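Engineer: Chain order of the listed sequences is A and B.
In terms of the numbering used here, the first sequence has 303 at position 303, counting the first letter as 1, and numbering is strictly consecutive.
In terms of the numbering used here, the second sequence has 179 at position 179, counting the first letter as 1, and numbering is strictly consecutive.
Each hint should be verified, as a subset may be incorrect.
[Claimed, not checked] In the DSS-like style, the derived pairs of lysine-lysine whose C-alpha atoms are separated by at most 25 Å in a straight line are:
hint: 1; chain 1: B; residue 1: Lys200; chain 2: A; residue 2: Lys94
hint: 2; chain 1: A; residue 1: Lys5; chain 2: A; residue 2: Lys134
hint: 3; chain 1: A; residue 1: Lys70; chain 2: A; residue 2: Lys150
hint: 4; chain 1: B; residue 1: Lys288; chain 2: B; residue 2: Lys28
hint: 5; chain 1: A; residue 1: Lys298; chain 2: A; residue 2: Lys330
hint: 6; chain 1: A; residue 1: Lys134; chain 2: B; residue 2: Lys200
hint: 7; chain 1: A; residue 1: Lys150; chain 2: A; residue 2: Lys83
hint: 8; chain 1: B; residue 1: Lys28; chain 2: A; residue 2: Lys86
hint: 9; chain 1: A; residue 1: Lys94; chain 2: A; residue 2: Lys135
hint: 10; chain 1: A; residue 1: Lys298; chain 2: A; residue 2: Lys11
hint: 11; chain 1: A; residue 1: Lys150; chain 2: B; residue 2: Lys28
hint: 12; chain 1: A; residue 1: Lys129; chain 2: A; residue 2: Lys150
hint: 13; chain 1: A; residue 1: Lys11; chain 2: A; residue 2: Lys129
hint: 14; chain 1: B; residue 1: Lys288; chain 2: A; residue 2: Lys129
hint: 15; chain 1: A; residue 1: Lys5; chain 2: A; residue 2: Lys37
hint: 16; chain 1: B; residue 1: Lys288; chain 2: A; residue 2: Lys67
hint: 17; chain 1: A; residue 1: Lys150; chain 2: A; residue 2: Lys178
hint: 18; chain 1: A; residue 1: Lys135; chain 2: B; residue 2: Lys288
hint: 19; chain 1: A; residue 1: Lys83; chain 2: B; residue 2: Lys77
hint: 20; chain 1: A; residue 1: Lys67; chain 2: A; residue 2: Lys5
hint: 21; chain 1: A; residue 1: Lys67; chain 2: A; residue 2: Lys298
hint: 22; chain 1: A; residue 1: Lys37; chain 2: A; residue 2: Lys178
hint: 23; chain 1: A; residue 1: Lys86; chain 2: A; residue 2: Lys70
hint: 24; chain 1: A; residue 1: Lys129; chain 2: A; residue 2: Lys5
Keep in mind that the hints were calculated from the coordinates and are not lab data.
In this text, all values refer to a predicted model and were calculated from it rather than measured experimentally.
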Amino acid sequence: MKNNKTLLEIKNLHTGFSINGQIYHAVDDVSFEIQEKEVICVVGESGCGKSVMSLSIMQLLPQENAKITKGEIRFNGMPLTNKTDKEMNNVRGKEISMIFQEPMTALNPVFTIGSQIQEVLHNHLDISKQAARKKSIALMKQVGISRPEKVVDEYPHQLSGGMRQRVMIAIAIALNPKLLIADEPTTALDVTVQAQILELLTSIQQEANTAIMLITHDLGVVAEMADSVMVMYAGQIVETSTTVELFSSPKHPYTEALLHSIPKMEEDVERLHTIGGIVPSLTSMPQVGCRFRDRCPKAFADCRSITPKLAPVGDGHLARCLLYHSCYPKQHRTAEEGVEK
Amino acid sequence: MINSPKHLKYSKKMSPWAMARKKFMKNKLAMVSTCFLLFVIVISFLAPYITTTDITRVNIGETSLPPSSDHWLGTDKSGRDVYTRLLYGGRVSLMVGISVTFIVISFGSLIGSIAGYFGGVVDNLLMRFTDFVLNFPFLVFVIVLNAILFGTVSGVWVLIIVISLLSWGGTARIVRSKILAEKENEYIIAAQSIGTSSAKVIIRHLLPNVISAIIVQATLLFAGMIAVEAALSYLNFGVPQTVPSWGNMLSSANEPDVLQGKPWIWIPPALALIVTILSINFIGEGLKDALNPKSTR
Ligand SMILES: Nc1ncnc2c1ncn2[C@@H]1O[C@H](COP(=O)(O)OP(=O)(O)OP(=O)(O)O)[C@@H](O)[C@H]1O
Ligand SMILES: [Mg+2]
């Protein structure tokens, strides 16, 4: 995958919310790349900033209190951060599409399924009503909706959750976008339907060569789908590597804890491992030191006073943890290494 | 999805609108009220074709006559036919009601949806302006504006413009709060994520989903504005005395001898007002019920 062209490039992204007149960063200095045709998974607990990051890419942050304060987002080499809303509208739905968590509420209850699929076509193409209708039926067939000629005139309340998510996918892939952002697309669905939706996403990625950024809580999904993984904690990337590497040798204690919390068949439900404590809220974020230290079983004195940086800990493997010397900031590293020698 | 037997009547195949319509048709009181209101509107606006008498003609010889075959509802103190004036008066009262409601709903929805959708500074500015207008003392401003505009705009329209200018604030607030709640729904961000423009998101996605609140507000306004017109005209601050309206007709009940001895002069407009306002309110209740998303979706 690595020899592909870079599709999305994010550099030092900072996205802040203004709370009581002060700005708190929900995405704090995030940099990464997505290659063409790549499936990258973003994992992390609730409140880690995964959705804020995907909305930053789409430039769909709540206007009243959220803002990208620093950093660059480049799509196919073209910067997105300084585009106007109107210019972004040419990108949204055509170049980059998004699928949401709640298929129950992501469709407008007062319009037919067909008209909602046709909307994306009319937004970007000069297309007649009949042609759009035909295309919408073809798209529904493509995402595995049976009897599309009938469903096209039905309303969202007539469809099951899985069907609605298929409709959302049909809308998202209507114009063959190069990047599909799926924000927990299966969380609201039951298990058998989850598998079908993931299968559908995989087949889209393979047939249409769409890159997918998949946000999920479910490491099982990651293992199955992803080429590479990004672990987020408290607005920052704490570890990133290929999927195989991450599962075989996780470096960050947070990743280890996440991997540990996957229920295993042979284990009792009571012995399910959970990570104690919660993600610090935006307003109570530690300014110095590691953000995971209070919940970390391996924390030591430095974790309070020294802020780790994201640094290589293996081949194509980055982590942000003071257990690894490369993660010490420069001024501390020389001292530390001196001691060791 | 509600699957109680009661709701199975409303087929799953129907659009939310079709279900609401069916529900409304089942509401007898609302249907009767609708028929009555339509009847009142039709005969009021057809008044010139139904009646032959000249409404402005003052007939000194026929003042304060009780109902007879010549004058079905009698004549007033200037000898004008009460029945004819009632129809023409309905025309004015309803026109004030309909026009004010239309202007207030359009302008209020525009301001409210822009404020609610964009939020932030836009919202702040628009809502401060709304509060400012809402804090005008209504009666004082009606009197002052009436005096200023009098002569530049013809008769009834002075009143329509004045009342509209002072009344859109409530609607703007209601629409804003509905939009604020509605825009949290994921389908709004989903629409934005496929490149739909802000104007289209408001018009195509948000307004249809808050339209039930707007319709109910419109019925309340309609009934309220007919009452406001009547009250102002009764107090002689409304439409000019030369134009018949239900309020103007009522103002003759000021005089004790009319109130006590000549009920045919004031009872017809009073009844017309009460029954019309009541029927509008029943229609409003019916619409509210029919459009309630909990029972249709
Ligand atoms: N509109 C908002 N106003 C203020 N703070 C917000 C807003 N939206 C999100 N946040 C904060 O930003 C942080 C990141 O939220 P985000 O929704 O991105 O988390 P997430 O990783 O997507 O979680 P989940 O898995 O629950 O979807 C959280 O601390 C949250 O409280
Ligand atoms: Mg989220």
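Engineer: Tell me the hint numbers this structure goes against, listed in increasing order.
Structural biologist: 2, 3, 7, 8, 10, 11, 13, 14, 16, 17, 18, 19, 20, 21, 24
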